[in-house]
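S.K.: Chain by chain, the residues run as shown.
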Amino acid sequence: MAPDSKPPAIEVRDLRVRRGGNLVLGGISLDVPRGVVTGLLGPSGSGKTTLMRSVVGVQIVEAGALTVLGEPAGAPALRRRVGYVTQAPSVYADLTVRENLSYFARVADVPQRRIGEVVANVGLGPQEGQVVGTLSGGERGRASLAAALLADPEVLVLDEPTVGLDPVLRRELWGTFHSLADAGKALLVSTHVMDEAERCDELVLMRAGEIVASGAPDRLRAETGTGDIESAFLALAEGEGTSR
Amino acid sequence: MSARITLATALRVGSQLIRDRRTLALVVVVPPGLIALLDYIFDQQPQAFERVGPPLVGMFPLIMMFLITSIAMLRERTTGTLERLMSMPLSKLDLLAGYGLAFALVAAVQATITAGVAFGLLDMPAEGPIWALVALAVANAVLGMALGLFLSAFATSEFQAVQFMPAFILPQLLLAGLFVPRDQMPDVLETISDFLPFTYAYDALAKVAVDDFDGRLWLDVGVVCGCIVLALVLGAMTLRRRTA
Numbered sequence: 001m002a003p004d005s006k007p008p009a010i011e012v013r014d015l016r017v018r019r020g021g022n023l024v025l026g027g028i029s030l031d032v033p034r035g036v037v038t039g040l041l042g043p044s045g046s047g048k049t050t051l052m053r054s055v056v057g058v059q060i061v062e063a064g065a066l067t068v069l070g071e072p073a074g075a076p077a078l079r080r081r082v083g084y085v086t087q088a089p090s091v092y093a094d095l096t097v098r099e100n101l102s103y104f105a106r107v108a109d110v111p112q113r114r115i116g117e118v119v120a121n122v123g124l125g126p127q128e129g130q131v132v133g134t135l136s137g138g139e140r141g142r143a144s145l146a147a148a149l150l151a152d153p154e155v156l157v158l159d160e161p162t163v164g165l166d167p168v169l170r171r172e173l174w175g176t177f178h179s180l181a182d183a184g185k186a187l188l189v190s191t192h193v194m195d196e197a198e199r200c201d202e203l204v205l206m207r208a209g210e211i212v213a214s215g216a217p218d219r220l221r222a223e224t225g226t227g228d229i230e231s232a233f234l235a236l237a238e239g240e241g242t243s244r
Numbered sequence: 001m002s003a004r005i006t007l008a009t010a011l012r013v014g015s016q017l018i019r020d021r022r023t024l025a026l027v028v029v030v031p032p033g034l035i036a037l038l039d040y041i042f043d044q045q046p047q048a049f050e051r052v053g054p055p056l057v058g059m060f061p062l063i064m065m066f067l068i069t070s071i072a073m074l075r076e077r078t079t080g081t082l083e084r085l086m087s088m089p090l091s092k093l094d095l096l097a098g099y100g101l102a103f104a105l106v107a108a109v110q111a112t113i114t115a116g117v118a119f120g121l122l123d124m125p126a127e128g129p130i131w132a133l134v135a136l137a138v139a140n141a142v143l144g145m146a147l148g149l150f151l152s153a154f155a156t157s158e159f160q161a162v163q164f165m166p167a168f169i170l171p172q173l174l175l176a177g178l179f180v181p182r183d184q185m186p187d188v189l190e191t192i193s194d195f196l197p198f199t200y201a202y203d204a205l206a207k208v209a210v211d212d213f214d215g216r217l218w219l220d221v222g223v224v225c226g227c228i229v230l231a232l233v234l235g236a237m238t239l240r241r242r243t244a
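In order, the protein sequence lines correspond to chains A and B. The first sequence finishes on residue 244 if you use our numbering, and the numbering steps up by one all the way, no holes. The second sequence finishes on residue 244 if you use our numbering, and the numbering steps up by one all the way, no holes.
Next comes chain A alone, as it looks inside the complex (with noise of 0.2 Å):
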């Protein structure tokens, strides 16, 4: 049920975490397609900002194949390809939005006039020429966003990018979302927020370390006959695993 016929941007094959002894991840397979957003979710804990940090290369991995775009994940040429954004903002607090963004587009080669279109894209425009200390949580959230966006990257990976933001907002990103996946871009995006979930295209729902189910959430629903997706993510957590 591929929505494109590309191969998948992002194939996990078997793969296994471990940090600091524990096994954070215990093998878990996955493809995450282009042109939909794939939303990540799962209680804190799960796995989910591990599986990310996998995607994007800056995890050290014990075992499984992880290809994103046909490269090895964290293969030199992806840095360019591949947009990140952390769970706690990573812009330079003493510095402006504008004075952070445009170090980013010079370190990722991208001219000065896309400063303005991104911070757009977040709805940062007021905030520009502020430093970024003295924003509130979600815009220096969004401020982080914006540098990710740089660059334009094919595949864009955001741990949970709408934590503490207004209802309003958070529904102009989920636009936003949308309209990069709508230009073929793939998206995973993690949240633990349930009705953000209804917003993906695909799910993938993760705990303790696995993949308990995906699909699109219409069909989680179907298949677990429940009416929202926290039923049908407790109904599979309680052991009837399903899907794929």
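In short, the hints are calculated from the structure, not lab data. Note that this is a predicted model, so its numbers are computed, not measured. Some clues are possibly wrong.
[As the list claims (entries may be wrong)] For lysine to any residue, the following SDA-like pairs were computed, each having C-alpha atoms within a straight-line distance of at most 20 Å:
hint, chain 1, residue 1, chain 2, residue 2
1, B, K92, A, A75
2, B, K92, A, A105
3, B, K92, B, R77
4, B, K92, A, I60
5, B, K92, A, V58
6, A, K185, A, R81
7, A, K185, A, G175
8, B, K92, A, A77
9, B, K92, A, D109
10, B, K92, A, R80
11, B, K92, A, P76
12, B, K92, B, L7
Chain B: place on chain A using the hints.
M.R.: Quick look at chain B alone, frame taken from chain A:
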């Protein structure tokens, strides 16, 4: 390595420093202030002051740049900006050289002001050329930066990083010959001091201060430059693209 990214990094580090007015003020006010204090303390012992005063002008940048760099680098690591940069097309040398460039410039300003106060206002006696003292001060600043960059990898908090000053800097300063000439120290200590970079940094300054441009001076300068390269290489090795 790319000149564009190195310069952008230097510019970014510079902007961060300029935004932090208090740090900037401390950087240019503290060393001349301490020199003035020393001048006053040694009021009754002008000969002792003649021995330690001029070399000290060139030692301050080493200590300050060590501290500033280790904190700055620790912040890059803990706020996630380093992880972002490592997932972007930036080489580790770009980052190190960018820091080096920005801090060398700050050190040049600091050393020039300190030398101006010491030799201009306070009439501190120096037989050797003052430009050579300032040049050595800049080299020492780069050494301090390189050591700070490297050692910051072993600190997981600001508390630890600050303790590196009494742990690594103070013993070297004591053994460098500043307080007691090295040939008057117990043999064990003299031998230990042969292996410490500060010994050579201080010795070069002491030689220039008395206008003694002999072979030993060039050995000193060579060792300082060698230590800079070694610390930068070791520092680059501590910047990991993948972490656990």
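S.K.: Taking the hints in turn, state whether each one holds.
M.R.: Structure-based check of all given hints:
| no. | hint | result |
| --- | --- | --- |
| 1 | B:K92 <-> A:A75 | holds, 15 Å |
| 2 | B:K92 <-> A:A105 | holds, 17 Å |
| 3 | B:K92 <-> B:R77 | holds, 13 Å |
| 4 | B:K92 <-> A:I60 | holds, 18 Å |
| 5 | B:K92 <-> A:V58 | holds, 14 Å |
| 6 | A:K185 <-> A:R81 | holds, 10 Å |
| 7 | A:K185 <-> A:G175 | holds, 14 Å |
| 8 | B:K92 <-> A:A77 | holds, 16 Å |
| 9 | B:K92 <-> A:D109 | holds, 16 Å |
| 10 | B:K92 <-> A:R80 | holds, 16 Å |
| 11 | B:K92 <-> A:P76 | holds, 13 Å |
| 12 | B:K92 <-> B:L7 | holds, 14 Å |
Every hint, counting from the list given before, is met by this structure.
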